[in-house]
Amino acid sequence: METLSVIIAEISPLARLGIIGILNSLGYPLTIKEVIHADKLLQVLHKDQKQILIISSSFINAASPEVLQKVLINKKHAAKVLIRDTCLLLKSLAGFDEIIDPEDHEKVITRKLEKLIAILSASGRIVVQNDEISDREKEVLQLVALGLTNKEIAEKLFISSHTVITHRKNITSKLGIKTIAGLTVYAVIHKLIAPEHIH
Amino acid sequence: MQIQNNMKMASVIHLNYHLLPIISRFGITLGFGDKTIEQVCREYTLNVDFFLEILNSYHNKDYFPQKHLQGFSLKLITEYLHKSHEYYLHNKIPQIEQLLHRFSESDQSGHLEVFQLIDKFFNEYRQELIDHIRHEEEKVYPYVLMIEAAFQAKNTTPAIVNLIRDYSIDHFEHEHNNVEDKLFDLKNILIKYLPFPFDVHLCHAILIELFRLESDLNDHARIEDKVLVPKVKYMEKWILEHINA
Numbered sequence: 141m142e143t144l145s146v147i148i149a150e151i152s153p154l155a156r157l158g159i160i161g162i163l164n165s166l167g168y169p170l171t172i173k174e175v176i177h178a179d180k181l182l183q184v185l186h187k188d189q190k191q192i193l194i195i196s197s198s199f200i201n202a203a204s205p206e207v208l209q210k211v212l213i214n215k216k217h218a219a220k221v222l223i224r225d226t227c228l229l230l231k232s233l234a235g236f237d238e239i240i241d242p243e244d245h246e247k248v249i250t251r252k253l254e255k256l257i258a259i260l261s262a263s264g265r266i267v268v269q270n271d272e273i274s275d276r277e278k279e280v281l282q283l284v285a286l287g288l289t290n291k292e293i294a295e296k297l298f299i300s301s302h303t304v305i306t307h308r309k310n311i312t313s314k315l316g317i318k319t320i321a322g323l324t325v326y327a328v329i330h331k332l333i334a335p336e337h338i339h
Numbered sequence: 043m044q045i046q047n048n049m050k051m052a053s054v055i056h057l058n059y060h061l062l063p064i065i066s067r068f069g070i071t072l073g074f075g076d077k078t079i080e081q082v083c084r085e086y087t088l089n090v091d092f093f094l095e096i097l098n099s100y101h102n103k104d105y106f107p108q109k110h111l112q113g114f115s116l117k118l119i120t121e122y123l124h125k126s127h128e129y130y131l132h133n134k135i136p137q138i139e140q141l142l143h144r145f146s147e148s149d150q151s152g153h154l155e156v157f158q159l160i161d162k163f164f165n166e167y168r169q170e171l172i173d174h175i176r177h178e179e180e181k182v183y184p185y186v187l188m189i190e191a192a193f194q195a196k197n198t199t200p201a202i203v204n205l206i207r208d209y210s211i212d213h214f215e216h217e218h219n220n221v222e223d224k225l226f227d228l229k230n231i232l233i234k235y236l237p238f239p240f241d242v243h244l245c246h247a248i249l250i251e252l253f254r255l256e257s258d259l260n261d262h263a264r265i266e267d268k269v270l271v272p273k274v275k276y277m278e279k280w281i282l283e284h285i286n287a
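Here the protein sequences come in this chain order: D and Z.
Going from the first sequence to my numbering is simple: count from 1 and add 140.
Going from the second sequence to my numbering is simple: count from 1 and add 42.
These are computed hints drawn from the structure, not numbers from a lab.
Don't take each hint at face value.
Lysine-lysine pairs mimicking DSS-like chemistry, simulated, CA-CA at most 30 Å apart [said to hold, decoys possible]:
#	chain 1	residue 1	chain 2	residue 2
1	Z	K196	Z	K181
2	Z	K268	D	K296
3	D	K331	D	K318
4	D	K314	Z	K162
5	Z	K268	D	K318
6	D	K318	Z	K117
7	D	K278	Z	K196
8	Z	K234	D	K255
9	Z	K268	Z	K117
10	Z	K268	D	K278
11	D	K309	Z	K117
12	D	K296	Z	K196
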């Protein structure tokens with residue numbers, strides 16, 4: 141099975157363990173590489189582009205300009221995520237696909253990473269062959285089966301309609317079910333909704 | 043192996059029994075003894091060339107004589123499409139319905155609500171298919187035949203030109219899809235997700251019928267998309283180019 145490849149470039153062991161814990165809770169099969177020293181980063185960056193790089197600003201501060209040039213300017217990965225842990229002298233946050241802030245709640249971080257992975261896999265930039273649907277996808281599926289529109293689902297889950305559509309695409313490709321009526325049958329079989337709640 | 047007009051009708055069935063429903067939709071019944079295709083067609087006053095092209099395109103998926111088929115009149119083609127509609131509505135759908143009904147009655151798992159949902163699901167599918175077929179029979183085919191009649195009579199009067207501008211076969215191309223999604227889902231639900239225990243043999247029988255229906259519908263759609271639509275488009279274009287001529 142294809143695994144999701146993630147590189148975590150972070151000096152603090154607490155932060156590394158925290159990120160790994162959240163990544164594991166997403167339910168994807170993972171290959172995680174941890175990088176602690178800035179000069180080792182180039183070695184783990186793979187030629188293929190299907191990796192997600194999660195890098196902290198303290199790591200960036202410790203790295204030499206030429207490493208940064210190679211890592212941050214070269215588009216070698218599917219996506220870059222910044223952990224903004226210290227005051228950073230980066231000119232711009234452009235080039236990062238997602239920013240994680242120190243005060244972010246665990247749920248917020250989960251949502252950010254899920255959204256990123258959903259977008260990357262829907263656009264084919266990473267291959268996630270996980271047929272299990274994630275907890276978030278289950279929530280979306282539940283609401284779809286109850287007959288809510290994308291807009292209503294977005295409001296209910298505090299996510300954008302665009303993200304709802306992305307989740308729905310992934311649900312359909314994982315389950316092999318395209319229609320709302322079909323998804324409803326699936327949801328009842330898996331006890332995600334009770335039959336009497338179907339409109 | 044291509045089916046030829048001097049082949050025995052019985053040998054065709056031995057060669058490929060999947061052609062049975064196709065033959066029956068031309069009104070031909072069993073008991074043809076040693077008659078050849080040509081003889082049977084004469085007896086039933088069928089166009090033997092058209093019959094052969096249809097048989098061959100169902101028999102061999104790679105054999106699709108688009109150009110040959112386009113040589114036949116739209117009247118002949120729509121008559122055939124109409125006959126396959128009748129077959130879906132009066133044979134295939136009731137047959138699957140009966141199987142599904144028996145299937146839910148055989149339930150001993152206490153998953154009655156799941157079986158009921160599957161019945162409901164198939165009902166919705168049936169209704170969509172009926173609507174789709176009705177639309178083709180009431181709107182599309184009459185339009186197609188009018189265009190053919192106008193084309194043959196070189197009729198480019200404002201009435202027919204307005205008709206083309208109001209409808210045009212392009213619409214049909216866009217309307218035409220989606221029904222198959224439900225069929226696909228139903229198959230997958232039975233294959234992947236139905237909770238045990240259930241009558242496995244009955245489930246297999248249903249699946250086989252669903253696959254057959256799907257394949258028949260695909261062949262049907264292929265004739266519409268590759269034969270009917272291009273032919274009508276050509277005629278529409280000719281008429282619009284010869285306005286006032």
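Outcome of the hint check:
no., hint, in the structure
1, Z:K196 with Z:K181, "22 Å, holds"
2, Z:K268 with D:K296, "45 Å, violated"
3, D:K331 with D:K318, "19 Å, holds"
4, D:K314 with Z:K162, "24 Å, holds"
5, Z:K268 with D:K318, "26 Å, holds"
6, D:K318 with Z:K117, "36 Å, violated"
7, D:K278 with Z:K196, "60 Å, violated"
8, Z:K234 with D:K255, "27 Å, holds"
9, Z:K268 with Z:K117, "16 Å, holds"
10, Z:K268 with D:K278, "41 Å, violated"
11, D:K309 with Z:K117, "42 Å, violated"
12, D:K296 with Z:K196, "60 Å, violated"
Consistency with the previously given hints fails for numbers 2, 6, 7, 10, 11, 12, ordered from lowest to highest.
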